Structure formats: structure tokens, C-alpha cells
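From first to last, the protein sequence lines are chains A and B. Residues 1 to 260 (the numbering used here) make up the first sequence, in order. Residues 261 to 520 (the numbering used here) make up the second sequence, in order.
None of these hints come from the bench; they were simulated from the model. In this text, all values refer to a predicted model and were calculated from it rather than measured experimentally. A virtual CB, placed ideally from N, CA and C, is assigned to each residue, including glycine. Mixed in with the good hints there might be a few duds.
Unchecked claim - Only part of the chain A face toward chain B is listed, based on derived beta-carbon distances under 10 Å:
hint	residue
1	R29
2	P154
3	A206
To be verified - Which bits of chain A does chain B cover? Going by a derived footprint, with three or more residues having C-beta under 8 Å, they are:
hint	stretch
4	127-133
5	158-171
Claimed, not checked - Negatives, chain A to chain B, calculated, CB over 12 Å:
hint	residue
6	A52
7	L72
8	S92
9	F103
10	I108
11	T123
12	Y233
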Amino acid sequence: MLSFVLFAILAGLILALVAGPLGCFIVWRRMAYFGDTLAHSALLGIAMGLLADINLQIAVVLACLLIAFALLGLEQRKTLATDTLLGILAHSSLALGLVMLSFTDNRIDLMAYLFGDLLAISTAELLWLAGGSLMTLVVLLLKWNELLSLTLHPELAHVEGLDTSRLRIMLLLIMALMVAVSMKIVGVLLITSLLIIPPATARHYATSPEQMALGASVAGMLSVIGGITASWYLDTPPGPSIVTTAALLFILSHLTRRPV
Amino acid sequence: MITTSHPESHNTAPVLTLRSVGFSASGREILHNISLSIAPGQIVTLIGPNGAGKTTLIKIAMGLLKPDSGNVQLQPGTRIGYMPQRLQMEATIPLRVDRFLGLAPGTDRASISGTLKEVGASHVLNSNVASLSGGELQRVLLARALLRNPGLLVLDEPTQGVDLKGQAELYNLITRIRDRHHCSVLMVSHDLHLVMSSTDEVICLNQHVCCHGHPEQVGNDPIYLEMFGRKGVEAMALYTHHHNHHHDLTGDIVRDPKGS
Chain A
1 MLSFVLFAIL
11 AGLILALVAG
21 PLGCFIVWRR
31 MAYFGDTLAH
41 SALLGIAMGL
51 LADINLQIAV
61 VLACLLIAFA
71 LLGLEQRKTL
81 ATDTLLGILA
91 HSSLALGLVM
101 LSFTDNRIDL
111 MAYLFGDLLA
121 ISTAELLWLA
131 GGSLMTLVVL
141 LLKWNELLSL
151 TLHPELAHVE
161 GLDTSRLRIM
171 LLLIMALMVA
181 VSMKIVGVLL
191 ITSLLIIPPA
201 TARHYATSPE
211 QMALGASVAG
221 MLSVIGGITA
231 SWYLDTPPGP
241 SIVTTAALLF
251 ILSHLTRRPV
Chain B
261 MITTSHPESH
271 NTAPVLTLRS
281 VGFSASGREI
291 LHNISLSIAP
301 GQIVTLIGPN
311 GAGKTTLIKI
321 AMGLLKPDSG
331 NVQLQPGTRI
341 GYMPQRLQME
351 ATIPLRVDRF
361 LGLAPGTDRA
371 SISGTLKEVG
381 ASHVLNSNVA
391 SLSGGELQRV
401 LLARALLRNP
411 GLLVLDEPTQ
421 GVDLKGQAEL
431 YNLITRIRDR
441 HHCSVLMVSH
451 DLHLVMSSTD
461 EVICLNQHVC
471 CHGHPEQVGN
481 DPIYLEMFGR
491 KGVEAMALYT
501 HHHNHHHDLT
511 GDIVRDPKGS
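Generate the whole structure from the sequences, applying the supplied hints.
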């Protein structure tokens, strides 16, 4: 009986571990809204996957990449600000996803995708999460310094011989991958919170990028354990409980932060 | 005051050559028919009003932008050390100076502390990058460029955010670095009088090369006087009279005896 809770905790811990360092880049590079847009487009991916009858995780990665490249294309024109473009892409892809879902035979639990259904995670989904997380972690570890250089000054990084456009696409790919594999845990509407809140919490204590990344992982994992425990005893929805715990930790860290 | 090229600069092929470079962005011509060359050990300063295309030109020189016409030739094997105006970071990234300098490819602890000493900023080795003063940050950025053992140093407004006294010190430092490392220097400046003693050649740029030559020559050129002499000197006078104090390297306010 406890096994599905252990499953849920394991899934949550894996996600939090990887979301920590990845989320740091999203915070440093001011990509929070971008992450949100990717997450919104995930629902479009689900709809596309159901209609085309392909693997849903792959469909979500494809949809995220589609939206990401659409954004890159639109940004080149520079006639509209990036936040406007992100708003258009986020909401129209979410809306289109919902419209397309109405054409499928409705056997899908929409709430599970919007807000997560951690306690119903299947073995296959757990394996996808573990695989995607491992890949993301390996990329982050191997490319950590290069991604850091890219974030600090892309042109300096380029002059120093880094392939900056490849690094950018790599970052985009692992973001899309993480959105796809973690959707089931907190849902498309709350995914970015796990990527942003723990790094923000860790920022209050960190003195190096690595400390911030590690601290974010720890804060995220504590949120997962706290959220699932609360959900167990208080019968609250697990995804929102995890995010609420993360937010409480953030407030706590804000109150106890080191004087800068 | 006679400024000469570095002795070794004679009878050797230029480190960098630009031939009839043109560049436009969104239908507006930014650079028109620019040709220049930099001899080994030579310091070349680009000077011109805002929007003259100075930053665009050095980006083309470094290969960050492709010119629409003309060509850029860097002597094979020449490493470029680039000192940007500032970093794209705020307090969101906890980063100490030693870690930042360590991000330059192929550096070790000894070279980091040695280079930092050379630019006169040893005392900030363990400081947070976000907490540095304008002058300290410029020196740290210069150290990062030097760590690559560059054959060509490209400096984009190296004295940005530095008070007048600090600017003179920085320009002296750049000359000493050129003498010691035998590298060429291409830099952007907005004040001819301050760079005068530390540059071999001045190129006055306003979309095209207005005039060029030794600093005294340019200072007396009617075109230069047209551009800076009337409007510019007034603006400069305003600028210098703005302040009744300056900051020393630790950031403390030092009152000027003359005041305003």
C-alpha cells in the first residue's frame, strides 16, 4: 500500500535533484517565463501525441522544441518584445492543446496534466523520468563551466572559442526534455515553480554557482518530501503541496538569509 | 610628446586587417567602407560619438558579426583577448573573482593570481564579482582577457564606469601590458585627450573613417574638431564639471579640492 507513495517520493526526488542545477540556469538567464511557455506547450504535445498516436513523452519534447524554435524565429524580427511573444506562444499553445484534446475520445485526465498526478505515476513514467534526468544531469556536469561562461557573457565565451549556438540549443533541449518527463509530477501549470523556487531559496545562502545548484537540489528534495508527507496526512493534492512547501522554504530562507 | 609604435612592429605583417568592411542592420547602414590594419605591438584606438558603430566594428574584428561587404583577416594563430564593457550578470549569480577568472580556458591558480596582480587587483581575488567597483571590475575583466596570452587585446570602452583619475591609470596599465606582453591592442574610447598618451594610432569613426593618424594629428584635424571640438568639448566640459568627487579603488568617495 505504501509502495505508490515510495514511487511518488522517488520520482519527486529525482526531479528535484536535476531541477536544482537546471533551474539555476533558468534563474540566472532570466528564462523563467520561457520555461513557463515550454510547460504550457506541453499540453499541445499531449494532444498532438494522442491524435498522431505516438509516445506522449516524445510528442511533448517535440512540441516544446517547436515552440522554442518558433520563439527564436519571432525574436529575430524584433518588432515585438520577448515577453509579449512568450505570452502569445504560451497561451495560444495551451489553448490549441485544449481545443485539440476535445477532438480525442476524451479518455485523458486533463487535471492530471495541468496539476500533476504524482501518486498515479507508472513504472514506465518513472523510467522516462529517470532516463531524462540522468541525461540532463550528465549534460549539465560535462558542460557546467561552458554554460556558466555562456550565461556570464555569450560574446566573451564565443571569442574564447566556445560554440555558443550549440550550447544554447543544448540548454533548450534539456529544458524541453525535463518539462516532458516531469509533467506528470507537478503538472504543466506548476513545473516552472520547481525549477525556479529552489534556486531562489538557495541563492540566499550560496557563495558560488555550485553551492547554489546543490542548495537548490536540497531545497527541492525537501519540498518533495514535505509536500508528499503533507498530501498523505492532510489529503491535499501532491503537486500543489510540493510547490507550497517550496514556497514556504523560500520565505524561510528569505527571512534567515545571510547579510550580503 | 611623441608616441611611436612598438619597436618590433616594423617590417612585420599586420595582426589584423579589415578591408572595405560594410555592415547594416535593419536597413540602416552602420559601417561604410572601413579599412584598417593593426601592426604587432601597436595600440589602435577607435573614437567617435555614440552610435558611430565602434562596438559593431570591434565585433566584426573579433568574428562575432559577419560584415555585409569587405573582409576581415586575422593573422593565423593569433589569439584574441576580449574585454567586454560589463558582464551580463547581477547579484543573481554568486560568483567570486577567482572562480570567474578560472572559467577562462586553460588557466590555473598561479596564473590567475599572477595576472590579477599584474592588473593591480590582487585584493579582490576572493571578492564577489557583483560587489566590485567599476574600476575593480574593469581590471578583473582585463585580467580575464590577459589570461589567454592574447596576440591581440580587444577592449570595449575599458574605462567605462571609472572616474577620470582611474581612467588615466587604466590607460597607463594598458600601455604597460602592451610593452610587457608584446600584444597588439584595439580599443574603443570616447575621450581622445585621455587616451592620447597611450595610443599609437587613433581612428575617428562615425559610420565611416572620418580621419585617422597619430593622436596629435587627429586632435588637430578639422573633421575631428567639427565632430568633437564644438559640440563635443561643450559636452565634455559639462561632463567633467558634473562631479565634485571621485572614487578610489576601494570605492570610497574622495572629494576633489577644486569642487564644482
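Quick rundown of the hints versus the structure:
1. With its C-beta approaching chain B no nearer than about 9 Å, A/R29 sits inside the 10 Å limit, and its interface hint holds.
2. Residue-level restraint check for A/P154 holds (minimum Cβ-Cβ distance to chain B is 7 Å; threshold 10 Å).
3. Satisfaction of the interface hint for A/A206 is found here, the shortest Cβ-Cβ separation to chain B being roughly 5 Å, below the 10 Å cut-off.
4. A stretch counts as covered by a chain when three or more of its residues have a beta carbon under 8 Å from one of that chain; for the stretch 127-133 of chain A and chain B the count is 0, and the coverage is violated.
5. As drawn, the stretch 158-171 of chain A meets chain B at 4 residues by the rule of a beta-carbon pair under 8 Å; at three or more, the given contact holds.
6. For A/A52, the condition that its CB be more than 12 Å from all CB atoms of chain B holds, with the nearest at approximately 39 Å.
7. Non-interface call for A/L72 relative to chain B: holds, since the shortest CB-CB distance, roughly 18 Å, exceeds 12 Å.
8. Every Cβ of chain B is farther than 12 Å from the Cβ of A/S92; the closest lies at roughly 26 Å, confirming the non-interface assignment.
9. A cut-off of 12 Å between C-beta atoms confirms that A/F103 is not in contact with chain B; the least separation is 41 Å.
10. With 12 Å as the threshold on Cβ separation, the claim that A/I108 sits away from chain B holds: the shortest Cβ distance comes to roughly 38 Å.
11. Every C-beta of chain B lies more than 12 Å from that of A/T123, the closest at about 38 Å, which supports listing it as non-interface.
12. Against the 12 Å criterion, A/Y233 stays outside the reach of chain B, whose nearest CB is about 36 Å from its own CB.
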